[in-house]
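Novice: One line per chain: the protein sequences are A and B, in this order.
Residue numbering for the first sequence follows UniProt numbering, starting at 1 and increasing by one per position.
Residue numbering for the second sequence follows UniProt numbering, starting at 1 and increasing by one per position.
Among the hints, erroneous ones may be present.
Since the list gives no way to pick out one identical chain from another, each pair is judged satisfied if it fits inside one copy or across any two copies.
[Unchecked claim] Lysine-lysine pairs mimicking DSS-like chemistry, simulated, CA-CA at most 25 angstroms apart:
1) LYS41 / LYS21
2) LYS68 / LYS172
3) LYS67 / LYS172
4) LYS68 / LYS21
5) LYS68 / LYS41
6) LYS21 / LYS172
These aren't lab readings, by the way, just hints derived from the structure by calculation.
There are 2 protein chains.
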Amino acid sequence: MRAVCLLSGGMDSSTLAYVAKDMGYDIIALHFTYGQRTEAKERTCARTIARMLDAVDFVEISLEHFKKIGASSLTDTAIPIEEYAGEQEAVPSTYVPFRNANLLAIATSLAEARRAEAVFIGVQTGDYPGYPDCRPEFIEAFQRVVDLGTAADPRITLMTPFVRMTKAEILKVGLALGVPYRETWSCYQNNDRACGVCSSCHYRREAFRAIGVPDPIEYEE
Amino acid sequence: MRAVCLLSGGMDSSTLAYVAKDMGYDIIALHFTYGQRTEAKERTCARTIARMLDAVDFVEISLEHFKKIGASSLTDTAIPIEEYAGEQEAVPSTYVPFRNANLLAIATSLAEARRAEAVFIGVQTGDYPGYPDCRPEFIEAFQRVVDLGTAADPRITLMTPFVRMTKAEILKVGLALGVPYRETWSCYQNNDRACGVCSSCHYRREAFRAIGVPDPIEYEE
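One chain only, chain A, in its complex shape (with noise of 0.2 angstroms):
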């Protein structure tokens, strides 16, 4: 039984491929690039996170084109990124277009050509406010697209855990599975240290406040 996991080596997606390993899947790792300034640190993060669980695969997959349609400050360089100021309601500018569908359609390809079962994506509630693509509804209209348009049997499942859990929720899952999070990577910013600031931090940093355990990596400020 195997299945399709997108692990970016952040500490949402990393705690996905365990639980996706706890019920007994083989993972194909599927950790996509896009010219995000922290490539190669998110990549050395899914790496090793994807070894720890004896992935079956570990498939890398380059989505430069991302830059060419931009509007995203997670890859224009000029747009700078914001800190954390408060809940918004509007389309935050880390936002890249129909991101989710576009890895979800890749998952799903891959899922097929290689017989997996499932496609894990850890989408929560705590993107809602500003990625429509990360919404249950949407993730459900995807499914009906799978099934529609894969000739996979059996069909391929979108599994989605967290996807009525916060962060902090998800966190005290993964710290009963096991999760080594000091080998994960969340910082927007590409420093040495996480910066301590950004909104990924702040809502990390968050999450382990809220259950009282201390965040094993290293900030800025």
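Take the given structure of chain A and dock chain B to it, following the hints.
Specialist: Structure of chain B alone, referenced to chain A:
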């Protein structure tokens, strides 16, 4: 009013771009390469068509990862291309799993980033037997994913003017619009002249024969 048009350089997608232009859209041509044998020929044809239509942009995106995913004779040169051998129910060897979902995801990202209101894709009746991701219900399901997964306003509409047309009917439309079929490439083989016997050549010639017009390109046999 702008539209992203998937433009491979074949006869159907070229006709599609002419239809979009005729409907009043400015064309953002989106051309994919994915390591197929006939990459250079298709690019030349697509650029010629885009130029003739005064396209506002020509975006070329490499899907090299299709090779990593594999399982198709269009990209895997170890798998021979079959000659046309009659109508078949099975999925043909030229199938890249879930390909149209990948292409539509990128096209939608580009449309949102460039504020285009439509995405044109040339799926058609003749594609259905073997390609599950060409059927009308697949496109309808993907439209829902677009509606839920983008922040675009006005919404992005998937346009499939050929979805219930045969190749001969599409050709008739194209001839009326003056599509220069001499500048299009359909063959799966990478020879100077089209092979005339692969399934793509077969269907092209059949369409020209059906409406009694000579095909302006030359064939090997």
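Novice: The structure should be examined with respect to each hint, and the outcome stated for every one.
Specialist: Status of the hints after comparison with the structure:
no. : hint           : verdict
1   : LYS41 / LYS21  : within (23 angstroms within a copy, 45 angstroms between copies)
2   : LYS68 / LYS172 : neither (38 angstroms within a copy, 35 angstroms between copies)
3   : LYS67 / LYS172 : neither (35 angstroms within a copy, 38 angstroms between copies)
4   : LYS68 / LYS21  : between (35 angstroms within a copy, 23 angstroms between copies)
5   : LYS68 / LYS41  : both (23 angstroms within a copy, 23 angstroms between copies)
6   : LYS21 / LYS172 : within (17 angstroms within a copy, 55 angstroms between copies)
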